[in-house]
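Chemist: Sequence:
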Amino acid sequence: MLGSLKRFIPRRARALYHRWLALAATLWYGRPSRHLIVIGITGTDGKTTTALMLTSILQAAGHRVGLSSSLFFQVAEERWLNETHMTMPGRFALQRLLRQMVRAGCRYAVIEVSSEGLLQHRHSGIDFDMALITNISPEHLKSHGTFEAYRSAKGRLFGKIIKGADKVIDGQNVKKATIVNLDDPEAAYFLKFWAEEHHGVTLSAAPEVPMQTKDKLRVWAAADIVIEAHTSHFQVDGQKVIVPMPGRYNISNALEAIAATAVLRIPWPSRIKGIADLDELPGRFEEVPTNKSWRVVVDYAVTPKALESFYQALQSSGVKSIIAVFGAAGGGRDTWKRPEVGKIASQYCRRIILTTDDPYDDDPAEIADAIQAGVPMDRRSNIEIVLDRREAMRRAMSLAEAGDVVAITGMGAETTMVVKGKKVPWSDAGVAKELISAT
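With my numbering applied, the sequence shown covers 384 to 822.
Watch out, some of these pointers could steer you wrong.
[Said to hold, decoys possible] Pairwise CB distance ranges (calculated):
id : residue 1 : residue 2 : range
1  : Ile552    : Ala612    : 39 to 47 Å
2  : Lys599    : Asp771    : 13 to 21 Å
3  : Asp771    : Lys558    : 49 to 57 Å
[To be verified] List of simulated lysine to aspartate or glutamate pairs, EDC-like, C-alpha gap at most 20 Å:
id : residue 1 : residue 2
4  : Lys803    : Asp745
5  : Lys816    : Glu784
6  : Lys623    : Glu669
7  : Lys599    : Glu569
8  : Lys688    : Glu531
9  : Lys805    : Glu767
These are computed hints drawn from the structure, not numbers from a lab. The structure presented is a predicted model; accordingly, all values stated were derived computationally and were not measured. We treat Cβ as the ideally placed atom computed from N, Cα and C, and that holds for glycine.
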């Protein structure tokens, strides 16, 4: 009903509509965020992994935690898949989830915060105590118009910190803090926002830090970085941290979780254990078991930067060559990046199988053609278009040789594919297992 009402509201008045809904939801559920330490995580890539690392650390320290992410929802010991195709739930759903966390005795709420959610004020009425930014690169430009507007939307989360209610949880004053990735070109923008504590993470020995924040910024720098086939490890603050997944970007994610839990005074043993014991995340560098001489890995990577980081991590893990299977989402979603992901894949992959990925009402063949347009002419002989995603995966596996990896990206752990308004059951990992068993 509310969705139908929205169609009759002038575009200029929609911000008020979204704020009204947020206020109504907050009051209906009794301002639950005031009884929780609320940590918001935003960024273009890495939000989910960072949120799961942070949750794992807090649980290792013996706390009850609530979680809202694009992969899972969680209330204390109960966790279930997010099947909504939305990173951030609507206002009533999110406030209801927070109320459930309070009733279950959770101390912490970890929330993945999307730019579209911020634009639609889904964050309004939530008293955030900490804001994290993993990184930022062009994304959702159809919704935001420009990169600057996209960045500004992300900044709304950081602006909420100063507006949040003062809290005393279990007899302790809750600190207001921000965590920023200093290796990101936009770090200075997010360091400008007020907080009681400012923390920065870096993989560099000498990160660039804006002069005005140097004296009040706590820097967490990774050293002695080692990337292996299935894990990474590094030193920070004199402690060795093992991350159960490869990739430099996952070290950045781990540093953000470490910095956030330092603000919360979580002891080092719990931080180390929480990251080391992190369960394999469905659709996030998920290794599909195979008895072959080649590997299969499923990953959600949908942005150009995420895709490049994923391919780099695969190369660092010692693979001979990469055979890529991917497409791009339809529904008018960031059509500009289709040729970009094609260009990136051509730089890292021996063979590319273009296929269907959540086409919505778009023509999958046109999407594949747009991706192929980004590939230099002299590399197009390495591309095949197989629109049936199952057959595309089968074809990739038939091309794999000893030491290769079949890299299936774009859908991650999603359990449905949206085709012409209908959700069709789907699982990249599940289909991959079936195909492996049949070969």
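Chemist: Hint by hint, say whether it matches the structure.
Modeler: Going through the hints against the structure:
About 41 Å separates the C-beta atoms of Ile552 and Ala612, a value consistent with the hinted range of 39 to 47 Å. For Lys599 and Asp771, the Cβ-Cβ distance of about 55 Å falls outside the hinted range of 13 to 21 Å, so the restraint is violated. Distance hint check for Asp771 and Lys558: the Cβ-Cβ separation is about 52 Å, which falls inside the suggested range of 49 to 57 Å. In summary, the hint linking Lys803 to Asp745 is supported, as the alpha carbons are separated by about 8 Å, within the 20 Å threshold.
This hinted pair checks out: Lys816 and Glu784 have alpha carbons roughly 18 Å apart, not beyond 20 Å. The hinted pair formed by Lys623 and Glu669 fails the criterion: a straight-line CA distance of about 24 Å is larger than 20 Å. About 18 Å separates the Cα atoms of Lys599 and Glu569, which keeps this hinted pair within 20 Å; it holds. Between Lys688 and Glu531 the CA atoms are separated by roughly 18 Å; this keeps the pair inside 20 Å, and the hint holds.
A distance of roughly 27 Å separates the Cα atoms of Lys805 and Glu767; the hinted pair therefore is violated under the 20 Å criterion.
Of the numbered hints stated above, those contradicted by the structure are hints 2, 6, 9, listed in ascending order.
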